Amino acid sequence: RLAGSLKLGRVPATGIMRTLQTGDRPTRLAQALAEFGRIEKTLHTLTYIDDESKRRATLTQLNRGEGRHSLARAVFHGKRGELRQRYREGQEDQLGALGLVVNIIVLWNTLYMTAAVERLKQHGYPVLEEDLARLSPLIYEHINMLGRYSFAVPEEVARGELRPLRNPDDDL
Numbered sequence: 085r086l087a088g089s090l091k092l093g094r095v096p097a098t099g100i101m102r103t104l105q106t107g108d109r110p111t112r113l114a115q116a117l118a119e120f121g122r123i124e125k126t127l128h129t130l131t132y133i134d135d136e137s138k139r140r141a142t143l144t145q146l147n148r149g150e151g152r153h154s155l156a157r158a159v160f161h162g163k164r165g166e167l168r169q170r171y172r173e174g175q176e177d178q179l180g181a182l183g184l185v186v187n188i189i190v191l192w193n194t195l196y197m198t199a200a201v202e203r204l205k206q207h208g209y210p211v212l213e214e215d216l217a218r219l220s221p222l223i224y225e226h227i228n229m230l231g232r233y234s235f236a237v238p239e240e241v242a243r244g245e246l247r248p249l250r251n252p253d254d255d256l
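When we follow my numbering, the leftmost residue of the sequence shown carries the number 85, and every step to the right adds one.
Honestly, the hints are just simulated from the structure, not real lab data. One should not assume that every hint holds.
[Unchecked claim] Quick list of simulated restraints, FRET-style, between CB atoms:
(1) Thr198 with Ala116: 46 to 54 Å
(2) Thr98 with Ser234: 53 to 61 Å
(3) Ala242 with Lys125: 22 to 30 Å
(4) Ala236 with Glu202: 22 to 30 Å
(5) Leu195 with Gly88: 27 to 35 Å
(6) Ala242 with Thr144: 20 to 28 Å
(7) Ala87 with Thr198: 39 to 47 Å
(8) Leu127 with Ala200: 38 to 46 Å
(9) Gln178 with Gly107: 42 to 50 Å
(10) Gly244 with Phe120: 55 to 63 Å
None of these values were measured; they are calculated from a predicted model. Every residue gets a Cβ at the ideal spot worked out from N, C-alpha and C, and that includes glycine.
Starting from the given sequences, assemble the full structure and let the hints guide the process.
Encoded structure:
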């Protein structure tokens with residue numbers, strides 16, 4: 085009844101909270117809900133322990149999140165990576181700009197990784213699906229985070245094309 089009342093909007097959330105707490109003590113309903121939550125948590129933990137594919141999927145997601153945070157830390161290197169704006173709006177502006185730059189880097193990397201993979205396929209190199217699954221657009225070692233930047237637009241980019249890809253054989 086509690087879930088139905090909340091879902092249908094018959095009782096506001098504040099009313100539910102009053103139902104679950106009397107003074108300093110939780111009600112029997114609140115205690116039952118807490119026990120139900122513990123059962124769900126235990127089932128999830130047992131499934132996680134038993135299912136290797138679930139553990140691998142969780143680790144993959146954690147690695148992706150860490151990769152995104154690592155990229156954001158690399159971009160946000162000034163002022164020791166600390167938010168320095170006093171007001172919430174200023175902090176939101178800083179974080180919004182950081183998110184924009186991170187998204188631009190991810191888009192740039194995705195476009196060029198796609199072009200590089202297509203070029204490898206055109207030249208007859210075997211491109212394995214398991215290798216593609218390990219690619220991440222969150223790499224940033226090739227980006228100069230410090231120093232001067234030139235925003236001159238090459239002719240091919242002005243025509244809507246990508247910059248030419250570097251041939252690794254030329255570096256030998």
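Tested hints:
{"no.": "1", "hint": "Thr198 with Ala116: 46 to 54 Å", "verdict": "holds (53 Å)"}
{"no.": "2", "hint": "Thr98 with Ser234: 53 to 61 Å", "verdict": "holds (58 Å)"}
{"no.": "3", "hint": "Ala242 with Lys125: 22 to 30 Å", "verdict": "violated (56 Å)"}
{"no.": "4", "hint": "Ala236 with Glu202: 22 to 30 Å", "verdict": "holds (26 Å)"}
{"no.": "5", "hint": "Leu195 with Gly88: 27 to 35 Å", "verdict": "violated (49 Å)"}
{"no.": "6", "hint": "Ala242 with Thr144: 20 to 28 Å", "verdict": "violated (39 Å)"}
{"no.": "7", "hint": "Ala87 with Thr198: 39 to 47 Å", "verdict": "holds (46 Å)"}
{"no.": "8", "hint": "Leu127 with Ala200: 38 to 46 Å", "verdict": "holds (44 Å)"}
{"no.": "9", "hint": "Gln178 with Gly107: 42 to 50 Å", "verdict": "holds (43 Å)"}
{"no.": "10", "hint": "Gly244 with Phe120: 55 to 63 Å", "verdict": "holds (57 Å)"}
Hint compliance for this structure: hints 3, 5, 6 are not met, and every other hint is.
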